[in-house]
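Novice: Letter by letter, the chains look like this.
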Amino acid sequence: MIAVQARRSHRAERIAVFGLRVAAGFVILAMLALLGYLAFEGTKTFYVDKFPLWQFLFSPDFAIDSGKPGAAVFIAGTLAVTLCAILIGGPFGIAVGVFLAEIAPLRMTQILKPAIEVMVGIPSVVYGWLGLTLLVPIIRTHTSSPSGFGLAAAGIVLAIMILPTVITLSEDAFRSLPGALKEGSLALGATRWQTITRVLLPSASSGLAVALILGIARAIGETLAIQMVIGNSAQFANGLFAPTAALTTEIVTDMPGATEGSLLEHVLFSMAFLLLLIAMVLIVLVRFALRKRS
Amino acid sequence: MKKNAALAALLLGLSVVASSTPVFADTNITIAGSTALLPLVKDAAAAYQQAHGDVKISVSGGGSGTGINQVAAKAIDIGDSDIQAPTHPELKDNRVAVIGFAIVTHPATGVKSLTKKQLQDIFSAKVTNWKEVGGADQKIVVINRPRSSGTRAVFTKTVMGSVAISESGLTEDATGTVVSVVKQTPGAISYAALSGTRGGGLNELSVDGVAPTDDNIITGKYPVWSYEHMFTNGPATGEISRFIAFVQSNSDLVRKDGFILIRDMKVNETDR
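Line by line, the protein sequences give chains A and B.
Oh and the first sequence: position 117 is 117 in the numbering used here, straight run, nothing missing.
To convert, take the position in the second sequence, counting from 1, and add 1000; that gives the numbering used here.
I should point out that these hints are in silico values taken from the structure, not numbers from a laboratory.
Some hints could be false.
Unchecked claim - Quick list of simulated restraints, FRET-style, between CB atoms:
(1) S1180/B to L112/A: 33 to 43 Å
(2) S1058/B to I138/A: 32 to 42 Å
(3) K1183/B to L112/A: 37 to 47 Å
(4) K1112/B to L35/A: 25 to 35 Å
(5) S1180/B to G221/A: 53 to 63 Å
(6) K1092/B to V126/A: 38 to 48 Å
(7) F40/A to S1251/B: 31 to 41 Å
For glycine and all other residues, C-beta sits at the position ideal for the given N, C-alpha and C.
Full structure from sequences and hints, please.
Specialist: And the structure:
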């Protein structure tokens, strides 16, 4: 009787483990399929249309009709909005993270934490819409920008959108520090401010790096919200308030008109592949930062 | 190992079956494409569904390029477009109406009429201030539609000719967005279907002194107009062909939404 039961549970376990393996296998399979497909479609610009890679990366001339699909404008646009977002959202997010981990009283944390969670749950189209109806008119009336659309509007919207990521991860970075660090510093007579800036911040640096890198990853991938406020002009932004375009916004703007097998479709796929490569590099950087910590 | 492979193959097979699109039932019609034609198709769909309770019609925008691509891929039943589809010979063209396009500006620009040459200069970014064309001292904000837009294609053919549209302008996705952005942005100029601009509180420009009225379009004096097409993949059949005929024949609806009946046209222009 006991032997039968043991055997039965043994079999149940084997089936369960097999199921888990299949699930994990599917994730890997899906990822490889995605990578393979994007690599296949994304390189057609270069081996079907014979467009040189360096021109795709560095030529600002995006004239599909005359066969010139330079993507430099969009690459620069992606880098510029991401930089704006991380310059505003990064320090702000880390500051809130420190506050939550070290300073805020319990009551405050109980209010702030759910508020941050709600920020994650707001769909990006809502952020974009708010940017369009609130932020763009403000920029239009208070700056020299005639339309209000552009780099600044996109950067600010993105900064708000990456806040939850940066806040949560930097709070975790501070909380995971050994308590002895803080106690030792305070015991030596350091003030709370000195403890935070001279002991905790340097010790948490690799965790904070992870928070910033994942914030950057979030910013680079964001599409809809910034498409609504960036202006979508295929030109370099010659100022904070000038309209421009990013890789993601260009893909979503021109995708509907890209007929199968056309140069435009190939170029958009190349941009998508480039985004995937950037994401992979960022993940490698995160791994690197985490290894340094442990 | 063999069992693993067999199971994987089975699951893969299942997912393929699940993802392949089912054949659309005749009573379920999906339509997408031109946002210029959208108001007419929406109203016609509402009226048609009221009269035929068993028919369900879903209508969405996306632009003429989307309409043509989607119907060519058989993802939808009808693709709406402001332009022809020369790259897809398998598509059956059903002309349903004529639409005029207005060059619209923010009301405070102080300009009522422009020549084609002046429009070409503005949209190629040679002229960047309204005072250069007789208006207020105000920077010009050019708003374009994406490459896939039929409205942009018609504007390019009838106004720009061989002059290229500058990339420095903003790009907005749909007729409705263009109208609302032009309305709230001082100095803005764009082009949009009359079905979307009328009653929108925008300044409609005359082109070479000719205003975008129905009469001027019918007699061919105003150049910026196009046939509206509802493409089907092969000849339309059943409920789909009845719905297209309903749109073509419903003269009240066509006129109410700012379109012109094809039979009213006194000129017979080739398609854009």
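Novice: Of all the hints given earlier, name the ones this structure violates by number, lowest first.
Specialist: Violated: hints 4, 5 and 7.
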